[in-house]
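**Student:** Use these hints to put chain B onto chain A, whose structure you have.
Protein chains in written order, with this note's numbering: chain A, 1 to 113; chain B, 1 to 109.
Simulated from the structure, these hints should not be mistaken for laboratory data. Even for Gly, the Cβ is constructed at its ideal location relative to N, Cα and C. Be careful, since some hints might not be right.
[Claimed, not checked] Pair ranges (Cβ atoms, derived):
id	chain 1	residue 1	chain 2	residue 2	range
1	B	95	A	27	19 to 27 Å
2	A	109	B	61	24 to 32 Å
3	A	64	B	109	43 to 51 Å
[What the hints assert, rightly or not] Subject to a maximum C-alpha distance of 27 Å in a straight line, what follows is the list of computed DSS-like cross-link-like pairs (lysine-lysine):
id	chain 1	residue 1	chain 2	residue 2
4	B	70	B	26
5	A	57	B	96
6	A	57	B	70
7	B	96	B	26
8	A	57	B	26
9	B	96	B	70
10	B	26	B	56
11	A	17	A	57
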Amino acid sequence: GAGVSQSPSNKVTEKGKDVELRCDPISGHTALYWYRQSLGQGLEFLIYFQGNSAPDKSGLPSDRFSAERTGGSVSTLTIQRTQQEDSAVYLCASSFQGNEELFFGSGTQLSVL
Amino acid sequence: SQQGEEDPQALSIQEGENATMNCSYKTSINNLQWYRQNSGRGLVHLILIRSNEREKHSGRLRVTLDTSKKSSSLLITASRAADTASYFCATDTYDKVIFGPGTSLSVIP
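Same shape as in the complex, but just chain A (with noise of 0.2 Å):
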């Protein structure tokens, strides 16, 4: 696609439940990054991906955070058992080889209730 597709736009979920972000970089790029970004506030580094290896997973809040990344190009977050502090906007980025900018989908805003 023309640019970075991430999906659902919204979700709603319980407390407890797992929930699957998705990320679909621009075509050719080898960098893909999560971030999340509560009301107001900046962005937090979750992850970031070279390829389909991660270097840093330092930015991941909990072990109920995981991504991966197949093929080179989409990637996927999870979040096992959501808590209501988990409620952000996740965002994900993609660059051509890293190192340059950063192009960004719209977003997921995740509401847990």
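**Tutor:** Relative to the frame of chain A, chain B by itself:
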């Protein structure tokens, strides 16, 4: 702790005035980038300055980088109401890109 921190946190100016935002960071960087976020979600890339560059221009934007002070500034000249947004600096630390908390800019018509 934040790798990058902007100041001020919020800035309100009249249309036509210039707006200056600053960013400080802690570790060595490969490059520094500025992004804009309108209310809503998507961030838009504004400008990238590499560690061996000191100043860069793009339209009404001027960015400076002082690696000895580990700081950068973003100047928006002749501001417009449409420039109202949050502005973030992002530091590329060779292994990941870290964002600061942002500056909220309001341009009053």
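**Student:** It remains to establish, for every hint, whether it holds in the given structure.
**Tutor:** Going down the list of hints, with the structure as the test:
1. Between residue 95/B and residue 27/A, the C-beta spacing of about 24 Å keeps the proposed range 19 to 27 Å intact.
2. With their beta carbons about 29 Å apart, residue 109/A and residue 61/B fall inside the hinted range of 24 to 32 Å.
3. Remark: the range hint 43 to 51 Å for residue 64/A to residue 109/B is upheld by a beta-carbon distance near 46 Å.
4. Using a Cα cut-off of 27 Å, the hinted pair residue 70/B and residue 26/B holds, with the two alpha carbons roughly 7 Å apart.
5. Pair hint residue 57/A plus residue 96/B holds up; C-alpha atoms about 10 Å apart against a cutoff of 27 Å.
6. The straight-line distance between the Cα atoms of residue 57/A and residue 70/B is roughly 25 Å, inside the 27 Å bound, and the hint therefore holds.
7. For a cut-off of 27 Å, the pair hint linking residue 96/B to residue 26/B stands: about 14 Å separates their Cα positions.
8. Taking the CA atoms of residue 57/A and residue 26/B, the gap is near 20 Å; set against the 27 Å cutoff, the hint holds.
9. Using a Cα cut-off of 27 Å, the hinted pair residue 96/B and residue 70/B holds, with the two alpha carbons roughly 17 Å apart.
10. Pair hint residue 26/B plus residue 56/B holds up; C-alpha atoms about 21 Å apart against a cutoff of 27 Å.
11. For a cut-off of 27 Å, the pair hint linking residue 17/A to residue 57/A stands: about 23 Å separates their Cα positions.
In summary, this structure violates none of the numbered hints.
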